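Enquirer: Please put together the full structure from these sequences, using the hints given.
Residue numbers (our numbering), protein chains in the order written: chain A, 8 to 320; chain B, 223 to 328.
Please keep in mind that the hints were generated in silico from the structure rather than gathered at the bench. Bear in mind that the values here come from a model prediction, so they are computed numbers and not experimental data. Don't take every hint at face value.
Listed next, the in silico SDA-like pairs over lysine to any residue satisfying Cα-Cα at most 25 Å (straight line) [as the list claims (entries may be wrong)]:
1. 173(A) to 253(B)
2. 54(A) to 241(B)
3. 183(A) to 241(B)
4. 141(A) to 310(B)
5. 271(A) to 320(B)
6. 183(A) to 281(B)
7. 183(A) to 242(B)
8. 38(A) to 307(B)
9. 246(A) to 141(A)
10. 279(A) to 279(B)
Now the stretches of chain B that chain A is said to cover, found in silico as 3 or more residues with beta-carbon under 8 Å [to be verified]:
11. 235-248
12. 284-293
13. 297-303
Even for Gly, the Cβ is constructed at its ideal location relative to N, Cα and C.
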Amino acid sequence: MEFKDYYEVLGVKREATQDEIKKGYRKLARKFHPDVSKAADAEVRFKELGEAYEVLKDPEKRVAYDQLGANWQNGQDFRPPPDWDGGFEYSGRGGGQPDEAAFSDFFESLFGRRGSADHGYSAPRAQGEDHHAKVFIDLEDAYLGAERTLTLSSPELDSDGHVRMKERTLKVRIPKGVRSGQHIRLAGQGNPGAGSGSAGDLYLQIEFNPHSIYRVEERDVYLDLPVAPWEAALGAAVKAPTPEGAVDLKIPENSRQGRKLRLKGKGIPGKKPGDLYVILRIELPPVSSEEDKELYRKMAREMAFNPRIKLGV
Amino acid sequence: MIKKEHLPVLEGLVLEEEYSLTLRQLCRICTVQSEHILELVEEGIIEPRGAGREQYRFHTDSLRRVQVSCRLQRDLGVNLAGVALALDLLDEIEQLRNRIGFKTGD
Numbered sequence: 008m009e010f011k012d013y014y015e016v017l018g019v020k021r022e023a024t025q026d027e028i029k030k031g032y033r034k035l036a037r038k039f040h041p042d043v044s045k046a047a048d049a050e051v052r053f054k055e056l057g058e059a060y061e062v063l064k065d066p067e068k069r070v071a072y073d074q075l076g077a078n079w080q081n082g083q084d085f086r087p088p089p090d091w092d093g094g095f096e097y098s099g100r101g102g103g104q105p106d107e108a109a110f111s112d113f114f115e116s117l118f119g120r121r122g123s124a125d126h127g128y129s130a131p132r133a134q135g136e137d138h139h140a141k142v143f144i145d146l147e148d149a150y151l152g153a154e155r156t157l158t159l160s161s162p163e164l165d166s167d168g169h170v171r172m173k174e175r176t177l178k179v180r181i182p183k184g185v186r187s188g189q190h191i192r193l194a195g196q197g198n199p200g201a202g203s204g205s206a207g208d209l210y211l212q213i214e215f216n217p218h219s220i221y222r223v224e225e226r227d228v229y230l231d232l233p234v235a236p237w238e239a240a241l242g243a244a245v246k247a248p249t250p251e252g253a254v255d256l257k258i259p260e261n262s263r264q265g266r267k268l269r270l271k272g273k274g275i276p277g278k279k280p281g282d283l284y285v286i287l288r289i290e291l292p293p294v295s296s297e298e299d300k301e302l303y304r305k306m307a308r309e310m311a312f313n314p315r316i317k318l319g320v
Numbered sequence: 223m224i225k226k227e228h229l230p231v232l233e234g235l236v237l238e239e240e241y242s243l244t245l246r247q248l249c250r251i252c253t254v255q256s257e258h259i260l261e262l263v264e265e266g267i268i269e270p271r272g273a274g275r276e277q278y279r280f281h282t283d284s285l286r287r288v289q290v291s292c293r294l295q296r297d298l299g300v301n302l303a304g305v306a307l308a309l310d311l312l313d314e315i316e317q318l319r320n321r322i323g324f325k326t327g328d
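Expert: Now the structure itself:
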């Protein structure tokens with residue numbers, strides 16, 4: 008397994024005070040918190056931070072970690088020393104820990120598995136907790152509906168009464184018309200109850216993957232459509248993509264840069280379907296030949312056009 | 223273990239965006255105490271309709287706001303006023319990103 012340099016993860020020196028460690032953690036946690044950061048690796052980074060902080064904030068664990076010596080490099084192949092005595096009955100899941108953040112093998116080899124049976128749900132009969140997960144879908148899935156296979160992990164008691172994270176796989180239908188920010192409730196698919204208690208529900212929060220050509224606001228979808236100057240000036244029938252497939256679009260004569268054309272009901276489908284807005288972006292044809300130049304020169308000669316008229320020059 | 227392709231397909235229920243959740247439901251879904259929800263109401267982080275806790279009806283978007291606020295409090299040690307500010311700013315950033323067609327991972 009790989010060695011984890013927890014000091015490096017938190018961006019602090021090995022001789023940092025507990026206060027500096029807390030500051031280092033807080034600073035990076037703000038930066039990589041998955042609710043705040045849009046960075047693709049935010050979740051992974053935040054988990055690493057949580058693990059590093061879990062060890063270094065606890066003076067006992069920190070001393071144990073420091074005993075491994077300062078010569079290890081982040082990512083170096085690591086085996087715990089043969090005389091390593093874990094000695095930590097690690098009963099985490101108090102406050103302060105990210106949801107279900109399974110810590111690394113490295114952590115577990117040193118401090119054992121996190122989680123223990125005694126975190127307050129030991130009643131013989133208890134309703135299972137509701138479970139939450141985020142599902143990323145493409146905008147096209149909201150038009151057509153989709154199926155998603157999810158792997159969720161939830162805590163479960165094993166025969167020794169230890170909590171283990173157990174994985175399960177679900178296949179879920181994402182209905183047509185769903186929008187970013189909405190929740191889908193799957194009754195009885197949350198954490199299992201204890202004893203005869205009923206299982207909790209599973210809530211999936213939908214989020215759209217960023218799209219290369221569309222933007223979404225509520226039910227409405229926006230598309231920047233490049234057009235040639237003559238298409239905008241003279242009017243034209245052009246093809247425009249939509250999430251449901253290409254459509255023919257009429258560009259009105261004398262369209263200006265940024266003109267918004269509304270395709271009613273072509274946004275996200277539903278009882279009240281959204282609209283699709285096509286925003287015209289006029290592309291300037293590059294000049295690559297003598298003929299091209301001549302065309303521009305002809306326009307310059309024959310068209311009375313001053314683009315700076317509003318600036319008074 | 224069942225092979226993935228043989229899993230039954232589960233149909234869920236999309237929560238409409240409306241003021242439909244009672245205080246009890248919201249507490250259960252978010253696994254928090256009602257006192258905590260009432261503090262969030264006090265701070266204006268979520269705004270239910272109805273007068274008094276028995277009549278409160280929460281918007282389904284409160285689900286997300288409650289959860290994000292719990293995580294920010296727990297992970298970053300932000301107080302409630304800070305959570306309220308962070309949520310407002312995050313919403314604003316989201317809108318601005320949308321307007322400029324912000325793409326992540328570029």
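Enquirer: All the hints need checking, so say for each whether the structure fits it.
Expert: These are the hints, each one checked on the structure:
As the CA atoms of residue 173(A) and residue 253(B) are separated by approximately 20 Å, the hinted pair is consistent with the 25 Å bound. The suggested pairing of residue 54(A) with residue 241(B) is violated, with an alpha-carbon distance near 34 Å, which exceeds 25 Å. Taking the CA atoms of residue 183(A) and residue 241(B), the gap is about 22 Å. The hint holds against a cut of 25 Å. Restraint check for residue 141(A) and residue 310(B): the C-alpha separation of about 21 Å stays at or below 25 Å, so the hint holds.
For a cut-off of 25 Å, the pair hint linking residue 271(A) to residue 320(B) stands: about 20 Å separates their Cα positions. At roughly 22 Å between alpha-carbon atoms, residue 183(A) and residue 281(B) fall within 25 Å of each other, so this suggested pair holds. Between residue 183(A) and residue 242(B) the alpha-carbon distance is near 22 Å, which keeps this suggested pair within the 25 Å criterion. A distance of roughly 16 Å separates the Cα atoms of residue 38(A) and residue 307(B); the hinted pair therefore holds under the 25 Å criterion.
Taking the CA atoms of residue 246(A) and residue 141(A), the gap is near 35 Å; set against the 25 Å cutoff, the hint is violated. Restraint check: the Cα-Cα separation between residue 279(A) and residue 279(B) comes to about 23 Å, which is no more than 25 Å; the hinted pair holds. With 4 residues having a beta carbon nearer than 8 Å to a beta carbon of chain A, the region 235-248 of chain B meets the requirement of three or more and the stated coverage holds. Under the rule that three or more residues need a Cβ within less than 8 Å of chain A, the assignment of the region 284-293 of chain B holds, with 5 such residues.
With a threshold of 8 Å between beta carbons, the proposed coverage of the region 297-303 of chain B by chain A holds, since 3 of its residues qualify and at least three are required.
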